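Protein chains in written order, with this note's numbering: chain E, 1 to 469; chain R, 1001 to 1314.
Careful: at least some of the hints might be erroneous.
Cut-off 20 Å, straight-line C-alpha distance, at most; resulting in silico cross-link-like pairs (EDC-like, lysine to aspartate or glutamate) [said to hold, decoys possible]: (1) R:K1313 / E:E237; (2) R:K1313 / R:E1238; (3) E:K113 / R:E1238.
Rather than coming from a laboratory, the hints here were simulated on the basis of the structure.
Fair warning: this is a prediction, and the values are worked out from it, not measured in the lab.
Okay, here's what each chain looks like letter by letter:
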Amino acid sequence: MRREVLNGKLHWLAALTAIGIGCQEAPVRPQLVLYLDIDLPVGSQASEQISPDAIVDSLRVEIYAADNTLINARVFSIASEVSLPLAFGIRSDAVAEAEVRVRVRAFRAELAKNGSLGGEPIFDPRVEVSIDRLVSLSLPAEGVAERTVVLRGDCIGKPIRFGIGGQPDRTCIDGSELDGLAKDGVVEGVPNETVSGSWPHAAVRACGPDAPPGAVCIPGGFFVLGDPLFIARHEFEHDALPLRPVLLSPFFMDVHEVTVGELRVLLKEGYDGPLPAPKQPESESDRHCTWDPESDAALPLNCIRVEVAEAICSARGGSLPSEAQWDYAARGRGLRHVFVWGSDTPACCSANIGYFPGGGCSPEGPEPFGSHLGSLGCSGDLSRDEVLDLNGSVSELVADAIANFSDDCWAAQTESAILENPICSGATGHMARGAAWDFTVGDAPLPVRRQFLELDTSYGFRCVYEAPE
Amino acid sequence: MVAIGQRWGTASPWKLFFAVAACTLGTMGCGDDSPTGGSGPTGGSPGAFAASDCGTCMVAACQPEIAACQNDAACASYVNCLLDCPLSEQGNADPACDEACVTSDSSESQQARADLSGCRLYGEGAACEPCDVPTTPKNGPVNQICEPRPPPRPPNPCRECFWEHCCDTWDACFDGDNPDCSALATCMSVCSSAPDEDLLEPCVADCFIEHPASTEAFTAQTICALSECTNEDPQCDEASRDECDTCLLETCADSLHGLMSTEEGFLVWMCLRDCGATDGGPGCVEDCTIAHPDAKDDFLLWGECIDYLCAAKC
Chain E
1 MRREVLNGKL HWLAALTAIG IGCQEAPVRP QLVLYLDIDL PVGSQASEQI SPDAIVDSLR
61 VEIYAADNTL INARVFSIAS EVSLPLAFGI RSDAVAEAEV RVRVRAFRAE LAKNGSLGGE
121 PIFDPRVEVS IDRLVSLSLP AEGVAERTVV LRGDCIGKPI RFGIGGQPDR TCIDGSELDG
181 LAKDGVVEGV PNETVSGSWP HAAVRACGPD APPGAVCIPG GFFVLGDPLF IARHEFEHDA
241 LPLRPVLLSP FFMDVHEVTV GELRVLLKEG YDGPLPAPKQ PESESDRHCT WDPESDAALP
301 LNCIRVEVAE AICSARGGSL PSEAQWDYAA RGRGLRHVFV WGSDTPACCS ANIGYFPGGG
361 CSPEGPEPFG SHLGSLGCSG DLSRDEVLDL NGSVSELVAD AIANFSDDCW AAQTESAILE
421 NPICSGATGH MARGAAWDFT VGDAPLPVRR QFLELDTSYG FRCVYEAPE
Chain R
1001 MVAIGQRWGT ASPWKLFFAV AACTLGTMGC GDDSPTGGSG PTGGSPGAFA ASDCGTCMVA
1061 ACQPEIAACQ NDAACASYVN CLLDCPLSEQ GNADPACDEA CVTSDSSESQ QARADLSGCR
1121 LYGEGAACEP CDVPTTPKNG PVNQICEPRP PPRPPNPCRE CFWEHCCDTW DACFDGDNPD
1181 CSALATCMSV CSSAPDEDLL EPCVADCFIE HPASTEAFTA QTICALSECT NEDPQCDEAS
1241 RDECDTCLLE TCADSLHGLM STEEGFLVWM CLRDCGATDG GPGCVEDCTI AHPDAKDDFL
1301 LWGECIDYLC AAKC
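So here's chain R without its partners, still in its complex pose (with noise of 0.2 Å):
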């Protein structure tokens, strides 16, 4: 059996033009005609933001963007329109507001707002408390406690560091009382091999279908495998893996774990995979999204981390 996720791995060969097509399908910070300075805050409590105990930590936090920012005509008025917005349930500016502020479409007003964001969400003003911003990684299947366990025998180095790393997602779907998720590795396994690479995704589908109870169990496996032990290798050799892998993968693990632990969105995975390896280019990624449209928020959730976390490295 090939080790979980080892088909569905290989994030190199789309890697590169990941950026491109993340701003095709709509991410932030890849143009708008909209003119300058929307109307953002509408409803809510306009100034809640500015005045929140988010905004104001944030405006610490995020000082060298802001001032960036208001080296940019239209940045500054995207700055005046998101401490404007409302609040959303979690205390940080409300998202719908913060998006409909729009800036105007030239680079260096982009690159203002990307720079922005990418504080507020990703870099020092994600830790402002009550922001309440996921931090990232080390969320769901990833951050497992495993005690040690003898070494597999035969050896196997992919077998080793799920057993360090993902000890409690292998169990759940191999210690043998799971039989219908290791009947769905198996499956997936049978689809790896398949001679055409335009059937592997119609038989990882039927393969959900087949086993639905473990699909949850499967895909948390193959999410820890993936981001913990390099699995796109066959040796889970960590020097396999660039530092854009490792961004990909590790830096944005939160947003690809949200991205992969659904059936739709795994799928989508597998499809970006394809675009890649056939160099599909972004017409091929938004096929991906149109093919699983219940996948598309989760993938744009990774795509905005790699858009502003990965870009340099990528």
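Looking at chain E on its own, in the form it has when it is part of the complex (with noise of 0.2 Å):
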């Protein structure tokens, strides 16, 4: 197995020659071998089982001195599994000291900024999203040492520290020392076989039967909350950054927004809660509110106060969803998708949106639920989980308080860094996502994070129920 695990490793090595070749034709000099391995999985693992944004297509090596003069860089692209373990050669005759420290970061490339390294252009990985893992290593002064490093899914987000005022260096090991240093961890030897794809929160994990009435399964798993590309443009939204890497249980959502039928037949079951103001058709701002005994049964109710949103969630058993729960039911559970049928530029027939340029849908208000399934040629708003209009029709108000992912509600609370089904609790307002009506193309994104507002005629929201795994 040894001898297969080089053989398949040669052109990595032969890639390393300015910080030593570790090849088996070579004479033998004394150096060390460092086998690279990691437990999320790469692009070739890729399937329905597998949360799209726990793979990782990339692997950024730096070597340092002791006085943390960098002495060689390179970024590595993983699209399958046989291309690891990595391993390369470091050789002792070419380094000045005895020992060395070897960082290595896992992320992917699509997440990363785009950054400089001795004028040359090199991806930036996010420290926030990305696994940041610190060796240090001896140089063995003759023959071959071979140590073997996994890095896990379990520091994701987990920066390391180089040490300052001689603190020793910090590094995630896995998820039991999170904030180890950075001599443990190392294995004496060589891998067996890989370790890729074996995280356990990598996998797709389902709901258990017994779905509400008109609710679907969205099933848990491990995505990345936030988008590189999404800033806001004025002072009702909010930057879609940092990234937040988010461990969700399965849940069941509404299909649908919660319509003015829906409204009806709680009343008639009892319910007694608030209710949505009524529409006024000679008002300029309240003729498109959706709740008349006149309306269509299929119109989402709309010209809603938080407590009212609250309190018809709770009376269908449910509540309103995490804004996490949104964005990974949106954006097609980790595939990133712009629009909820990929990044196409929405159309008229798209969704229920508003103003385009070059002239308008024009839409006379809020439509009936399902009422853009999409045609040959036109995708509609319809996700992955065939959950309907989460693109458009109304902007659907969230679980959560208004805040920057910065802020310290979206901060881990544990020794983690990943946040587990996470709700950011404040007492200042709400949160609001996906595009409504009379919104422009411009607000038609799903990772724009915008506020909701209260009595709005574009504003609406739909249930989520706890799913039994």
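Make the complex out of the two chains shown on their own, each in a separate frame, by following the hints.
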């Protein structure tokens, strides 16, 4: 097996001549051969059972001398598990010191920043969604030493810390040692096979049975909340940065926004909670409110207050979705869709959205749910899990308070940087996600984070429900 | 007569390339070919900053930035070097030592160091009393306390603002007791109507030469008008100023005042404005400082503030 592993890595070894080649055919020089593996999945392992956002495709490797001087740096593409473990040699006689530190970062290039190093372009991984590992290694005076280091998904978002003021270097080793020492977690010898794809949280988690009527399962899993491309354009929006690694349990979500007809049914069943503001046909601002005896039962409720939505969801046995749940469901559970159908610019047939450059769709208010299912040549407002109208219709109230992702309420509550079923609680209003019937095409991208406006015709809601696993 | 400073205050055309220009001129965070971890602390008391009240306060106040710095090898070395620096007279890390503590040329190192410097000099760390960092803005001719005055007749929104926020500097130049300052303002106004932009700067320089006693009073009023009264707009309308303008002219007001308060600095300001108007790029900006070397340091201080505080808004 060892010979097979080495043979499989010769292309990496050849690429690292600058730091010393560990090649079988070459005369044996004192060197350390480092095998790097990772338990996150790579592209070739993509499947319906793997959360797409858990997949990594790049490794950035840097080698440092004791004084923090950078000796060498490379970014390797890892599209297939065949490339793993990645192995390379560090020749003892090519480095002036007996010890080096190797920094390895696993990330997805799509989420990285464009940076530079030595005047050359290079991907700068975002700390918050990368695995960052620092390894302190002793180089052998003679012969070949072999060491293995495994990067663990549990370390996502845990930055290494180079020591200052005489402190030791710190690094995440694994889920049980999230703040370890750089010398720890190094295994002698050669790995038998890659552990790629074995991170338990990379797997999609299915719902149990018994979905509530009108709701569908949104399988749980890992995903990256936020988007580097969407920055707030005005005071009522918030940046979709910094990115947040999130783990969600499966849940059920209403197929469509809560409708006029559903509230009528609730009232017949004895609901006595608060109601939406009624339609005011003579009012310029409220004539598009949908709560009216004459309204189509399939119209989404709008002109609501937060307590109305919370009471109605509670009466239905559910709750408002968290922003993370909404984002996850709308963007394809880690597929990072900009619109529910992908990345194509919306057309009037795509969703119930208002104004477009060069001619508006000019909808006369919210439309009955499912009015934009798509047609030949036109993608509709239908998500990966067949949830309707997440992109258009009404912008949807979520359970989270108004906040930036950098605010304390979005910080990890445990030592792990991965947020589990997060909800940002606070007293300052609520967020809303998704566009509305009178929004412009520029407002339509799903990552846009906006503030919820009470009693507004552009804002409605849907509910989610706990799902057994 | 045009409102004082009106012709000199068109910030918008050149603001977009300012950060690039500042980098070209060598402000912090713009690259260095030196090896990682320089020997910044030379002379003085090694380690003085780490043990000082300022250093202790800064480390606590800028903990997130220091932690981010520790995520980068070169920036971690920079922190070690900075903490070893001797103290300046003000009690902060000696600036020359700080400057000599080099980082690497990687984008990550540069960003991490710039964020830390931003915290130290303009953020939470600047509030550390022992560090004696000048608070910004609200120094110099800004922050005047003005008694209410009847509105000007005929109505004049700029004049109204001057009387509300720039009363002292206005009076010093225009209350009738200082005809030389009024004459300087008139001279400037004549320059501003010059048909050729190339003639503007020498014309203004001649005005200063003709009225040397009023330079300080005139520039003080101009600075206040620009920062407090949106004087780049003929109606002094705040709505005409976007968040980048606000940052350049108000948030970084102290360092802007430092630049504009001297004749040479005023000419650099005008030169920069022309660079923007003609899309002259970083080379043009550099030429401005070459033409007025005495104002280069003040210009770089303003550029540093913009780098740290305004980059995201511009």
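For each hint, the structure was consulted:
no.: 1; hint: R:K1313 / E:E237; result: holds (15 Å)
no.: 2; hint: R:K1313 / R:E1238; result: holds (17 Å)
no.: 3; hint: E:K113 / R:E1238; result: violated (35 Å)
Going through the hint list in order, the structure does not satisfy hint 3, though it satisfies all others.
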